[in-house]
Amino acid sequence: MTEQVDEYLSFSDKINDYISALMVANNIGYENYDCSYLWDFVKSKGVSMRSFPFDGVARDRISGMIVKDSLETTIGYNQNMSEKRKNFTISHEITHYLFHMTESDTIFTDTDRSLQYSYNEVLHEFQANIGASAILVPDVVFFRFLKEGWNLSQLSNQFGISESALYVRLIHTMQANFGVSYIAAKTNADAIRYKFGGKGQQAAIELGTNLEARLFRTNRFIEAL
1 MTEQVDEYLS FSDKINDYIS ALMVANNIGY ENYDCSYLWD FVKSKGVSMR
51 SFPFDGVARD RISGMIVKDS LETTIGYNQN MSEKRKNFTI SHEITHYLFH
101 MTESDTIFTD TDRSLQYSYN EVLHEFQANI GASAILVPDV VFFRFLKEGW
151 NLSQLSNQFG ISESALYVRL IHTMQANFGV SYIAAKTNAD AIRYKFGGKG
201 QQAAIELGTN LEARLFRTNR FIEAL
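Residue numbers (the UniProt record's numbering): 1 to 225.
Please note that the accuracy of each hint is not assured.
Said to hold, decoys possible - Restricting the straight-line Cα-Cα distance to at most 30 Å, the calculated cross-link-like pairs of lysine-lysine (DSS-like) are:
#	residue 1	residue 2
1	195	86
2	68	86
3	45	84
4	14	43
5	186	84
6	84	43
Note that these hints are calculated values from the structure, not bench results.
Put together the whole structure using the sequences plus the hints.
Structure (structure tokens):
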């Protein structure tokens, strides 16, 4: 595997273990998961979440930010974005809060570009994008619903995440977990996204089944979920 795929798998496992532990502690099953559980947990730690108009140039350039000062930690997000974009941005900032903020790193500002960063550009932004997707729909939930034959549109509407983000997640997940090439992963993801009425649904069911089987080997919380 490439270094980028290795990093994807490593951080994905880390954030999904974190979420799974929270689900077990609060008796949350895959069938009733909602990102608000983790958002509320973060709020209980003293993090405020506020929308801002971001007028002028900032309106189109800034998606969100997280700032920690002596009084509080605040997540601000652009109120002009779509709901699914807001969800992803807030979850992106939460990942910064959980894994990247230190005494010296107290501000993260994110644009449309940083919400699409690859490993080769900025590592913590790459990780925050992995975390945002996982917070909105954790692996244990994502894989189970794929196994049950859900399409990306259903998953998008159920969990408030864009189909594009789920499509990218499929490709990365197949590369990381099965060591397949980008072309092979994209071909399978294309079938699931664009040919669901044909072979795509069976591809989703088989993929979800195989990925869930992997979780039983790697996620120590899954049997409790």
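Do the hints match the structure? See the list:
For the suggested pair residue 195 and residue 86, the alpha carbons sit about 28 Å apart, so the restraint of at most 30 Å is met. Simply put, residue 68 and residue 86 have alpha-carbon atoms about 20 Å apart, close enough for the 30 Å limit, and the pair holds. Annotation: proposed proximity of residue 45 to residue 84 holds, straight-line Cα distance about 24 Å (limit 30 Å). Between the alpha carbons of residue 14 and residue 43 the distance comes to roughly 21 Å, so the proposed pair stays at or under 30 Å and holds.
Our distance criterion of 30 Å between C-alpha atoms is met by residue 186 and residue 84, whose separation comes to about 23 Å. In summary, the hint linking residue 84 to residue 43 is supported, as the alpha carbons are separated by about 20 Å, within the 30 Å threshold.
Checked against the numbered hints above, the structure violates none of them.
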